[in-house]
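871 is the number of the first residue of the sequence shown in our numbering; add one for each residue after it.
Keep in mind the hints are simulated off the structure, nothing from the lab. We put the CB at the ideal spot given by N, CA and C, even for glycine.
Pair by pair, the computed Cβ-Cβ distance ranges are:
| no. | residue 1 | residue 2 | range |
| --- | --- | --- | --- |
| 1 | 914 | 887 | 26 to 36 angstroms |
| 2 | 983 | 918 | 36 to 46 angstroms |
| 3 | 887 | 986 | 18 to 28 angstroms |
| 4 | 976 | 901 | 41 to 51 angstroms |
| 5 | 982 | 918 | 45 to 55 angstroms |
In silico lysine to any residue, SDA-like type, Cα no more than 20 angstroms apart, as pairs:
| no. | residue 1 | residue 2 |
| --- | --- | --- |
| 6 | 908 | 931 |
| 7 | 936 | 988 |
| 8 | 936 | 881 |
| 9 | 908 | 925 |
| 10 | 936 | 969 |
| 11 | 936 | 892 |
| 12 | 908 | 877 |
| 13 | 908 | 924 |
| 14 | 936 | 888 |
| 15 | 936 | 973 |
| 16 | 936 | 970 |
| 17 | 936 | 885 |
| 18 | 908 | 930 |
| 19 | 908 | 918 |
| 20 | 908 | 923 |
| 21 | 908 | 881 |
| 22 | 936 | 972 |
| 23 | 908 | 922 |
| 24 | 908 | 926 |
| 25 | 936 | 884 |
| 26 | 936 | 893 |
| 27 | 908 | 883 |
| 28 | 908 | 882 |
| 29 | 936 | 984 |
| 30 | 936 | 889 |
| 31 | 936 | 898 |
| 32 | 908 | 921 |
| 33 | 908 | 879 |
| 34 | 936 | 883 |
| 35 | 936 | 987 |
| 36 | 908 | 929 |
| 37 | 936 | 974 |
| 38 | 936 | 977 |
| 39 | 908 | 885 |
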Amino acid sequence: REASCSTRFGPDVQWLPPDFDGSEDENIDWNVDAERSKLFYDAIREYWPGLEDGNLVPDYTGVRPKLWNPDLHNFCSKSDNNDDGGDEGVSNNENWMKDFMIAGPEYHGVKGLIVLLGME
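Kindly generate the complete structure, drawing on both the sequences and the hints.
Listed below in structure tokens is the structure:
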């Protein structure tokens, strides 16, 4: 619950094109897609069945940082071809889909530096 006595739901995820770098407009429509509201109502009604039609109001759109994309390899990988299943590559590694990463000296080699990646 927010200070305004309202409740927020979301976010919804729609992936940007894999080659998107933000340097050009690329004709991306940043408006909230009203057609997706049914997905929100259906999901919320799984735990709040009394939610009435028309009670949800779109809020905002934007880009949320992610360390992975379903169409790309791990952005935080030191190696794109690691077959041993270790934390450095994507092969045989379920960790490649992490939403965030805390990288300390063991990752980047700089003593005393901690890097927070993908945290909003």
